[in-house]
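Asks: Using the numbering used here, you'd call the opening residue of the sequence shown number 1 and step up by one each time.
Because the hints were derived from the structure by calculation, they are not lab data. None of the values given here were measured: they were computed from a predicted structure. There could be a bad hint or two in this list.
Below are the BS3-like pairs computed for lysine-lysine, each with C-alpha atoms no more than 25 Å apart in a straight line [what the hints assert, rightly or not]:
#1 Lys-408 with Lys-425
#2 Lys-538 with Lys-527
#3 Lys-281 with Lys-196
#4 Lys-550 with Lys-122
#5 Lys-462 with Lys-408
#6 Lys-493 with Lys-462
#7 Lys-361 with Lys-122
#8 Lys-408 with Lys-550
#9 Lys-122 with Lys-351
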Amino acid sequence: MGQDNTVRGEGRRRRPSAAQDLGWDDSLYEEDAEAAPKAAGADRGGESEPNPEPGPHRGSRRHRPAKKKKKRSKGVRILKWTALSLAVIILGAAGAGYLYYQHLNSKIKKDDLNLGTKRLDKAAPNEDGQTPLNILMLGSDSRNSKANLKLGGARQTVGEKPRADVQMLVHVSADRSNMSVLSIPRDTRVKIPECKDKKGKVYPETTREIINASMQHGGPGCTVATWEELTGIPIDHFMEIEFSGVVDMADAVGGVPVCVQDNVYDKSSGLRLHEGETYVKGQQALQWLRTRHGFLGQSDIARARAQHIYMGAMVRQLKSGAKLTDPGKLMDLAEAAIDALTVDRGLGTVKKLYDLGNTLKEVPSKRITMTTMPWLQDPQNPQAHVIPAPDAEKVFSLIRNDIALDGKDKLKKPKKATPPPAAPKDQIPVTVQNGTSTISLAPVPQRATAIASVLVQDGFSKAVSDRTPKSQADTTITYPKKEMQGDALAVAKALGIPSGAVRMSTSVAQVTLVVGSDWREGSAYPKGAHHDSKDENKAPESADLLSGDKKDCMPIDPGHRF
C-alpha cells in the first residue's frame with residue numbers, strides 16, 4: 001500500500017458548540033460607558049529574523065512509562081511547547097509530517113511588526129552576547145469570522161477593524177532566567193504615534209485615545225509603535241489571537257484551574273462559578289477572561305488580574321504535562337489556532353514558533369512575574385478611563401534595563417568588587433552617540449557632540465561623537481571587555497552617571513556612551529534619572545505582582561454573589 005499523503009485534519013475541524021450569546025461587555029467602546037476603578041491602583045523597521053537562542057532539548061515528558069524508547073511525534077513536541085510559550089493568550093500550533101507542516105505554514109497570517117514612522121533601536125546584547133526578548137501579546141475583539149460570531153457579543157461591529165482588548169508584554173531576560181509580563185488596561189488614555197499601513201495610508205498622531213484603538217490605526221504594528229512610544233521598550237515580535245482560538249485551546253488542555261473567593265454570577269459575561277477552584281474550559285474560559293463586573297472593583301484592572309491568574313495556571317499545567325497527547329485533537333487544535341493567529345513576519349512559520357517556545361520553556365514558573373501597569377484615574381474622564389501613574393515609569397525602566405520585577409536579580413552593577421584600574425583619561429577612547437530621539441520627539445541636535453566636548457574638557461581627549469542615529473530611553477555606557485571596566489566607570493563618574501548604567505556588551509569595540517532620551521539637556525547627568533539603589537531594583541508596591549508559581553483567588557463584587 002502506498003503512503004497516504006492526504007493532509008490530515010482537513011474537513012474535520014472542531015468548532016465551538018452552539019451559537020450561544022455570552023453577553024460580551026463591549027460598552028466601554030462608548031466614550032463615557034462604564035465606571036473606571038473607584039480607587040487608583042496603589043525585519044525591525046522591516047522584518048528581521050528572530051534570534052530566540054533556544055536552550056538545549058532536555059527530553060519530553062511521557063504520560064506512560066515504557067522500557068522501549070518510542071520516537072515521539074515532532075508535532076506533539078511543537079504543539080506542546082508552542083502552547084507553553086503562548087500561554088498568555090492561549091495559542092497552540094503544531095506540525096505532523098512534512099505536508100501538514102507546510103499546510104500550517106501556508107495558513108499563518110503575517111503582518112508588519114511596526115507601523116510607526118519612528119522606531120526604537122533593538123536592545124544591545126550583554127557581555128555574553130545574549131539579548132532580551134520582548135513579545136507583545138494581543139487579544140483581538142474581531143467578529144469578522146464565523147467562529148468568532150458564534151461566540152456572541154457585539155455583532156454590530158462585524159466588518160469593523162478589530163481592537164486590541166488584551167495587551168500583555170512578555171519580557172524574557174537576556175540570560176533566559178526570568179520572565180516579566182506587563183499588562184496595560186484597554187481603557188488607558190495614551191498618545192498613539194503616526195502610523196503608516198502597508199498600503200501607504202497614514203494615520204496621524206493622536207494625543208489622547210484609548211490604547212485598544214491603536215490596532216485600528218493600520219493593524220497590530222501600530223499597537224507595537226504605541227507601546228514603544230509609551231514604555232521606551234523595543235518590541236521584537238507580536239502575536240494576535242482571536243476569541244475562537246482561546247476557546248479551542250482551553251478545550252484541548254482539558255480546562256484551566258481558576259479560583260474565586262465567593263460564588264459569582266456576572267450577567268454581562270455569563271460567568272457563573274461556585275466558591276473555590278473550578279476548571280474552566282471552552283466558552284467558560286473565555287467568560288473568565290472577559291469578566292469585569294463580577295470581580296471586586298468591577299474594572300478592567302480586576303479583569304487583567306484574572307487574566308494573569310489564568311495565564312499562571314495555564315503555564316503550570318503545561319509544564320506539569322498537559323493533556324496535549326491525542327494526535328487527532330492536536331490536528332484540530334492546530335487548525336483552529338492557526339486560523340485565529342496573526343504574527344509579525346519574523347515569527348511567520350511553525351518552526352519559528354517552536355524555537356520561541358523552546359526558549360520560553362526554560363524559564364522556571366517561580367521566576368515568571370505578572371503585573372498591571374500602575375495607573376491613576378483620568379482627570380478628564382475619571383469614570384471611564386485611566387492614565388499611567390508615576391510608578392509606571394519605574395516598571396518600564398526595570399524592563400528596559402533587563403531587571404526582573406520580582407526583585408530577585410542581583411543589582412546590575414559590575415561583577416568585580418574591585419574593578420581593574422582605569423587608564424589615564426587622555427588614553428581612554430570614548431565614542432559618544434546621540435540616542436535622544438523617541439517615537440514622538442526628534443533628537444536633540446548635536447547632543448553627542450556637546451557631551452563629547454564635556455568629556456574632552458575634563459581630560460578625556462580621545463572622546464569623539466558618532467553620527468550614527470540612535471533611539472534609546474536610558475543613557476548607557478558599554479565596554480567590550482573586562483579590562484576596560486575601569487575606563488567605563490571613570491567616564492561614568494566624570495558625568496555623574498550611576499554605575500548601574502555601566503555594563504559590558506559584545507556590541508561595541510570601545511567605551512561607548514549613548515546619551516538617552518532621559519538626558520536631553522545639561523552637561524551633567526540628572527540625578528534620579530536612573531534607578532540604581534537597592535530598594536529600586538524591584539517593582540514598586542503599586543505594581544501588584546503575581547508570581548507564575550503561586551495560585552491566587554479572585555475577590556468577588558458583593559453585588560454579583562449568589
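Asks: CA of Lys-361 to CA of Lys-122, is that 25 Å or under?
Replies: Holds - the C-alpha atoms of Lys-122 and Lys-361 are around 23 Å apart, at most 25 Å.
Asks: Starting from Lys-462, check that the Cα of Lys-408 is at most 25 Å away, please.
Replies: Judged against 25 Å, a Cα distance of about 39 Å means the pair is violated.
Asks: Decide if the proposed pair is consistent with the structure: Lys-408 and Lys-550, CA atoms, cutoff 25 Å inclusive.
Replies: holds (16 Å)
Asks: Are the Cα atoms of Lys-122 and Lys-351 separated by 25 Å or less?
Replies: Satisfied, since the Cα-Cα distance of roughly 23 Å is no more than 25 Å.
Asks: Check whether the Cα positions of Lys-538 and Lys-527 lie no farther apart than 25 Å.
Replies: holds (19 Å)
Asks: For a C-alpha distance cap of 25 Å, please report whether Lys-408 and Lys-425 respect it.
Replies: Outside the cut-off at roughly 36 Å; violated.
Asks: If you draw a straight line from the CA of Lys-550 to the CA of Lys-122, is it 25 Å or shorter?
Replies: Cα-Cα ~32 Å, so violated.
Asks: Can you confirm whether the C-alpha distance between Lys-281 and Lys-196 stays at or below 25 Å?
Replies: This hinted pair is violated, its Cα atoms lying about 39 Å apart.
Asks: Decide if the proposed pair is consistent with the structure: Lys-493 and Lys-462, CA atoms, cutoff 25 Å inclusive.
Replies: Between Lys-493 and Lys-462 the Cα gap is close to 17 Å, so the pair holds against 25 Å.
This entry does not satisfy hints 1, 3, 4, 5, going by the numbered hints stated previously.
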